[in-house]
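Undergrad: Taking the hints into account, I'd like the entire structure generated from these sequences.
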Amino acid sequence: MITTLLAAGTTAAGASDKITIPPIRYLAILPPIIMIGGAVILLAVASLVSRPLRVRVSTIGSVIISGGAFGIAIWQWCDVRAHGAHTYIAHAVVMDGFSVLITMLVAGAMLLTALVADGYLKREGITGAEFHVLALVSASGAMLMGMANDLIIIFLGLEILSIALYVLTAFNHRQAASGEAALKYFLLGGFSSAIFVYGIALTYGATGSTNLIQIADFLSKNVVLTNGLLLAGLALMLVGFAFKIAAVPFHMWTPDVYEGAPTPVTGFMAAVAKAGAFAALLRVLFTSMGVISSDWKPIIYALAVLSLFLGSVVALRQRDVKRMLAYSSINHAGFILLGVESALPRGVSASLYYLVAYMFMTIGSFAIVTVLGRQGDADHDLTRYRGLARRQPFLALSFAILLLAQAGAPFTTGLWAKLQVVLATVSAGAVPLAVIAMVTAVIAAFFYLRVGVLMYASKEPAEGGEGLVVPPTGTDATTVAGTDAGPQIPWASPDGVSATITTLNAELLLADDAPAASGEETPSTVPVPALTSVAIGICVAFTVIFGIVPAPLLDFCNHATLIFFGR
Amino acid sequence: MSHSVPFLTLLIILPAVGGGVLALLALDKRLPKELCDWLAVLVSLATLVVAVVALVTMREHFGGFQLVSNHSYTGDTLGIRWYLGVDGISIFLVLLSALLFPLVLLTGQNKPKPRAYAAWLLLLEAAVMGSFLSLDLIVFFFFFELTLVPAYFIIAGWGHDRRAYAAVKFFLYTFLGSAFLLVGILALAFIHQSQTGVLTFSLPALEHTHLSSSTEILLFLAFTSAFAVKAPLFPFHTWSPDAYTEAPAGGSVILSSVLAKLGTYGIIRFDLTLFPQATRTLAPLILTLAVIGIVYGAIVACVQRDMKRLVAYSSLAQIGFIALGTFALNEQGLSGAVLLMLNHGLIVAGLFLVIGFIYERRGTWQTTELRGLQKVAPVMAGVFTLFMLASIGVPGLNGFVSEFLVLVGTFLTHRWWAVVAVLGVIVSAIYLLWTYQQVFHGVPKPEDEKTRDLSWPERLVLTPLIILIVFLGVFPKPALDRIDPSVTQLVTHVEKATGHDQPSVTTKGTAALGGQP
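Line by line, the protein sequences are chains A and B. At position 62 of the first sequence (counting the first as 1) the number is 62 in our numbering, and the numbers step up by one without a gap. Count along the second sequence starting at 1, add 1000, and that's the number in our numbering.
Because the hints were derived from the structure by calculation, they are not lab data. Just so it is clear, the structure is predicted and the values come from calculations on it, not from any experiment. Think of the CB as a built atom: it goes at the ideal place given N, C-alpha and C, for glycine as much as any other residue. Each hint should be verified, as a subset may be incorrect.
[Claimed, not checked] With beta-carbon atoms standing in for the labels, derived distance ranges: (1) Ala378(A) with Lys1033(B): 34 to 44 Å; (2) Pro1204(B) with Tyr198(A): 53 to 63 Å; (3) Val1053(B) with Ser524(A): 44 to 54 Å; (4) Ala177(A) with Glu1447(B): 51 to 61 Å; (5) Lys1033(B) with Thr525(A): 43 to 53 Å; (6) Leu316(A) with Val1470(B): 48 to 58 Å; (7) Gly429(A) with Arg1415(B): 42 to 52 Å; (8) Ala1046(B) with Glu180(A): 51 to 61 Å; (9) Gly429(A) with Val1394(B): 53 to 63 Å; (10) Glu1207(B) with Asp295(A): 56 to 66 Å.
TA: Laid out in structure tokens, this is it:
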């Protein structure tokens, strides 16, 4: 497997005897430094005080740290706007609009997760700062992936992100599922990292560099005649990325891990791991591999179609809210891949917008699931959501809004996100892919709505003033008369759809009525911790406000461009 | 053309803000119920006032868009603009919606959770207004989609026994149609961008896109799939009997008289304007579907024992007439279709309201369960008769004028379709009169004898509908005067784009009668 080159590579790395230390621009790497440094300080404080650190103290620490990183990111943004994007530290990291947006996203996700975890940790009686420390470290890994300009840095970020996440997944040590999920995640994640790093090695072999811009430079200056090595490297790297973003067929771990992990961790994982992996994927494909986009576009196309379909169809059959949201996240990954597939600058900003919108929707949703999971974090069956609107109208309304946004309801960030990625796809000429995506959005809407129906379902008949009871003969007459046009005329009614709707609904409603009849008490009201409700409020407000006034966020994502866009 | 008062934006903002405020108030149970009830009604009445003022402000004998407001909405990169305008085709649909929402709110006050119900209705009103007024395709799409959410919750939350099934079916069917619409809009915009270099979604700009005939047909089908489901046109109607039946009375009114018009309006506004050639090519297909819908709807309505299903199927037939007039593609047919949208809205709202009143008293709407209501509730019987006769198309009431125009227009361009469609008119007389006989004639059963007649508030709610039905039947000129210029402009646009003059009464009608097959 030897790559034949027409022209000699320009990449012979200057092998000097002395190691020269490159100048370091600290602003560029300050956010991850703050996150890791803060985590270390938090850990030190926690081990120095005599009693276990109170949950509230570590939450405040975590909020300050991630808020600080967010503030630095704003400073970076101003710097990029004023002086333009540059690479720093021997071109290993880059500070451009893209990296700053990912940093902000990750810092924001960390902040929200800290707020949600506060209530969770108190409820479960977990003291100490470990949860926050691990989450901060993991988030710093995602930030590194966003700013990496070198395959090695990407790998570094990936490992920092993943290893902390493995531990976080196992955090609920009282639950066997948590440990099982962590082991599964660890084993598969370890494999995918190994495959990824092998891909880096092959790419280095083919191009002579691990620096993204140098790879692009090499590929644009040289015609690679036998590019087996390069393609193999690219393919292996894609496997690694697809694993992290949970794209089909590399999604096997997702439902189990999402279900088994403590719910705040699930939300964090869905938002941050996806953001980091997508950031790196976008940068590698668009900056380095832009020249050979005809080689990777079909792969992304296939991944997108499979993720879109499998995510939406399998979610239909889920009875567990966390599993349902896991499959929905696979569907969302398919949507974000649409932006990647377009291989256009528009696709970058569309994907970024989708990641931002998705972060708020998913963390908000999982925050609500955390609250409703009750003590033990195990109460996630769909039937438990029945009648939630009567017991807890605020929670039900928030969840309804977040789910509708995920389904793509208008005037939420959810539809702007879908609109943008589909727009990118159509402008790249892949109209069939756009149609497929929208059809899966319809399928997905069904399971989001089912939760909505359950939450707003009431047991008493809704209409019929003055206490009138609907006579049962009424419904019989309709059936006996046999004039119901729907089922009678097979060609006029897609019976499959109707039948599916009926069975899915009936299943849920029946399954729910059974325990109620056998005398089990109806679920009582769950207390909502103050900080969690703040987090939910932020997520809902963000989703709705930027849905109604879309211009600021759209502009922001449009300005968050990559430093170099290879063609 | 800028105005000091942004009437159209106000039409959307008023109910939207009102709905939002009510939704927040609904979370606090301590507030007095009456306050919220009247707040909702007041907001919808204020919207009606704005709509009427907009009508009065509009210039007559002008076919273009008026009261336009056009602002940047998403910044430059996406090119989506807050572009609203009204013309003779949309103004009456706006008025119809503005009139019906207060009536529905007034009848819905004794429901459980009345504030949430009112909040959803106001949100729906905002969405409907937005859809009728938007001239930017994406903004239109957003409002078009937004109608689904409140409609879904109204059916699912306040409907009858099979509401969950009906609500989900309704949502999925219409959402699937819209999926194609979105892709169609984006594809059209990109074709336009590749020709002009400007990414825009504004209707007047996209009108000038050059499309190859196969592309145009594909885009036409993508757009029409959404509108045909929403209307609903045969064979995309299977959701509608379920949704109309399972929805609460107010929900049925809004679904059938306002939301259904979104589909037919969409066809007239977008299909005819953007794809005139494809419209002409595919007109026979749609006309055939429309005629099948007319006959099929009428026949199925004949065998219904369930009054709501009956009205649902008769609605299918009426929507068929609207499509018939639209695809006749001449002034008479199109004016008739636009007027029929208004008239059908008024009539079907009246029918569903009266059926709702019967249900509140008797707990059923099965014709087999009811007998002799005329004896105990003469006013109700009288009002029902009026709505029924208007629906049949008796001269002197509004249904006749529009149906006549549609049939004349269609007869000139597509004669045999009109001939078959007339059958539907006859059958509609049969099923409505049968129903009337069964429910209102005869000796009342013991349980029917206690049925109260219409109360004064209920009569008050029905009065505006009755006045308009009679007025538009006797003197349709004021409405037609405003509809005609816009319709003429649209027909001219289609004729210019297709290079084919459609025969009509004023131009070559007689020639066409003599010469065309």
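Undergrad: Does each hint hold? Answer for all of them.
TA: The hints, checked one at a time:
1. Distance hint for Ala378(A) and Lys1033(B): a CB-CB separation of about 40 Å, consistent with the stated range 34 to 44 Å.
2. For Pro1204(B) paired with Tyr198(A), a C-beta distance near 57 Å keeps the hint of 53 to 63 Å intact.
3. As the Cβ distance of Val1053(B) to Ser524(A) is approximately 52 Å, the hint placing it in 44 to 54 Å holds.
4. In this structure the hint that Ala177(A) and Glu1447(B) lie 51 to 61 Å apart at CB holds, the actual value being about 57 Å.
5. One distance hint, 43 to 53 Å for the beta-carbon pair Lys1033(B) and Thr525(A), is violated here, with the actual separation near 23 Å.
6. Between Leu316(A) and Val1470(B) the CB atoms are about 51 Å apart, so this pair conforms to the stated range of 48 to 58 Å.
7. The supplied range of 42 to 52 Å is met by Gly429(A) and Arg1415(B), whose beta-carbon atoms lie about 44 Å from each other.
8. At roughly 59 Å, the beta-carbon separation of Ala1046(B) and Glu180(A) lies within the given 51 to 61 Å, and the hint holds.
9. The hint said 53 to 63 Å for the Cβ distance between Gly429(A) and Val1394(B), and at roughly 55 Å that hint holds.
10. At about 40 Å, the CB distance of Glu1207(B) to Asp295(A) disagrees with the hint of 56 to 66 Å.
In summary, the structure is inconsistent with hints 5 and 10 from the numbered list given earlier, while agreeing with the others.
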